[in-house]
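Chains as they are written, first to last, in the numbering used here: chain A, 4 to 112; chain Z, 1203 to 1560; chain B, 22 to 383.
Source of the hints: derived by calculation from the structure; they are not laboratory data. Wrong hints could be hidden among the right ones.
In silico lysine to aspartate or glutamate, DMTMM-like type, Cα no more than 20 Å apart, as pairs [said to hold, decoys possible]: (1) Z/LYS1239 with A/ASP33; (2) B/LYS145 with A/GLU15; (3) Z/LYS1488 with Z/GLU1431; (4) B/LYS110 with B/GLU93; (5) Z/LYS1239 with B/ASP121.
Now the in silico label distances, taken between C-beta atoms and shown as ranges [what the hints assert, rightly or not]: (6) Z/GLU1390 with A/GLU19: 30 to 38 Å; (7) A/GLU19 with B/GLU379: 17 to 25 Å; (8) A/PRO45 with B/THR337: 32 to 40 Å.
It should be emphasised that the depicted structure is a prediction, and the values quoted were computed from it without experimental measurement. Beta carbons are placed, not taken as given, at the ideal position from N, Cα and C, and that holds for glycine.
Take a look at the letters that make up each chain.
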Amino acid sequence: MDKSTIICRCEEISYEEIEEVLTNGATTFDDIKRLTRCGMGPCQSKICHSLVASMIHEKTNTPYFQIPLPRMRMPLSPIKLETLATNSTSFSSVKSVMDEVELEDGKVR
Amino acid sequence: MDRSYETIIIGGGVVGSSIAYHLSEQTKEAVLVLDQKFPLSGTSGSTQAWVWVHNKTPSWYAEFSMYSAELYSYLSKKIGDVEFKRTGGLSPFFNEADREKAVRLAEAYEQIGIKIKVLSREEALEKEPFLNPDVVGATYSAIDGNVNPFRLVDRYMRAAKKNGVQYSTYNKVTEIQKMPGKFIVVSEKGEFSCKNLILAGGTWSRELGKLVDVNIPINQLRGQILVTEPLKPFLNYTISGLRQAFNGEVLIGYSMEQEGFNRATTLDVIQETANMAVHYVPSLKKAKVVRAFSGIRAMPEDGFPILGKIPGVENLYVAATHSGVTLSPLIGTLMTELILEGETSIPIDRYSISRFAK
Amino acid sequence: METDILIIGAGPAGLAAAFEMASKGLDVTIVDESITMGGQLNQQTQVIPSLPSSFQSMRGFELAAHLTKQLEEYDIRYLLGHRVIGFYKDGSVGITDEQDVFAVKAKKIIVATGAAENAVAFPKWTLPGVMTIGAAQTMINRDFVQPGKEAVIVGSSDFALDAALQLSEVGVHVKGFIEKNAGILSRDLEKIEQVKKMGIPIYLDSFIKEARGMGAVEEIEIEIGTRVLTEKVDLVCVDGGRSPILDIFYQLGCSFGYQKELGGWVPQYNHQFQTDRQDIFLAGNAAGISTQGVLLVTGMLAGINVCEAVGAITKTIADEEKDFLWKELEILETKYNPNIWEARNRHMENFAHPVIKEQFLS
């Protein structure tokens, strides 16, 4: 295939860029993703993952069943922050910087 | 692949790779980095990657962080563009009680030469016009910024390899034997020997320590982070809780959960994080979240880095810390000094693992 | 919101499962992104070749209407135009109506989210005018838009042939099939004959060397052995095969195995169409890519297994119904695709040995 062929259309990552990191030791889709951004865009690798799996298979002779799936993430499809937000301002796991500053006798510890 | 090395580093994350790079700048002797998976597959690849001094307490730890942050501009010149940007850090607060804390924080930092400014509501909004107008004030520190963590580790790794460092990835260490004058490191891909052994296992440090009968008290802390679609540049600063990346994506998150090595995300925290985002910066409302990820952070039992020689075992070192991104340039520099010269330009005794033996 | 059963996906398998459960008195909720029920069936104007014995022969969209109608007498909760976006820590499903996100707690979940089409890459495949055959079918049958005037089809499966016939019906000139393999993939001799009669060439051992165009595809170069053929086209329909959609299973922590014939990675499941998370069942293409008749039977089987699991029917009744359906499934699947039937059985036998598991443990 022509090396300039786009593999990840969301982030416009080419065949050549993926090939380069594969020769540099990347083994899985997620390795490639972190080094090139392939699959990190809005479709979250839904379009490119089979193309990348074929590339890994061809370049490294890894059988398909040994090429793990890319890590899949929430939200399952993009969603607006206002839709996610519940308008609550009480937080349990989410902190702020000032939560972390502890005072001792009126002074920073 | 060679089997014998002067130094083996276990862990190729931001800390291990920084040590490998800095060491390779100073010595031509053989260095091997072993990683159970691939650099960036753990904590270093799942972070907002703030370079952050701002609210580190106590002040001596803030000072240590500041020295590291100062090294970033120079580092980018040496290893290549890591999208480091000294944006300045802004921590907004929404009630008067937090202003009191902020003033105390600024006073404590002043004594060590770190300037933290407590901004009024108007000053905060002038700096960051898209902040919620309900903000009461903010602390501001000019030294804070952020970096692209993928690029950072990739550049460390490439620069180290260029200097002759070897990487063996997807290769878990299963056993470590101490022999006179050397270590035998048994891995899934065979045995290696070395004079110096550095444990840079991040979240897995406790497990790694067990192989040499050393208690490295590192726990796991989960943080969940949301990433938006790319937006036009509109945020000027690294705001505690969110920052805008070079490509326009906004990264949002400031959550902490004790979930061991479970890096799942949950809608509970995702929604809480969304609440924080629209509370801090209401105009983010219309932005779409494209993905959420969890990072498992390494958290030493007392919160501070564990650095230096492991007492009682010759040539065995540990470098395990929270805030690895902020601290990696300094840790790489100091560990290199320690290995090659036996002492460091900035004292690290405070960070010795021996403090836990007491 | 609480429900006995949540079915994710209102395609053929999900609707068939819903009927089995609602008719046994269970409280069923169905969620689907689309505002219409029937999923991909709505895009299918051709007669479906082999349906289960309880069904009359009919076209895809007719089957969608039939499956919808047979649910009318039951009190089912429909969340149409709703998306599943993730899961809460307690296992509740997060669903959005695009205004808010709300939690649905279900005793059992059947995931019937179907399949996605795989991409085919060649230089400039991202140009407008290049699309999957499914996208072209949607344009024709749902949006009533002609996707182009001059087309080629990449691939030669049943779906590729169907797409060509549908395109021709609406007046698109199909200039050829481009098949990378040495033989035609479809096993439907009737359809192949139909295509040949229409004079559409089938290029074997061939691929698209390059697409060209300013802002949209205008022409393509086809490499056929040593020969290169240039065709002016404004539509390239690609069939890269289909794979189960896995994201919901992945988030639920289900395990996966690999079976090429089933579409690649498939959630691990047992003879009850139950994943290794006991409360999660699956049906349809999500359990391995197959034909419409088979998808319906897997839905019925999943439904009956869930009924049994929650005590809505006795084991004796369940066993009787399941025996019958498994026989039917075998007949339908081995008729066209004995290799899929074999792969399905291999996959179920591997239940205790998934390749991908505990994906969230770092």
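Are any of the numbered hints broken by this structure? If so, which, sorted upward? 4, 5, 7 and 8
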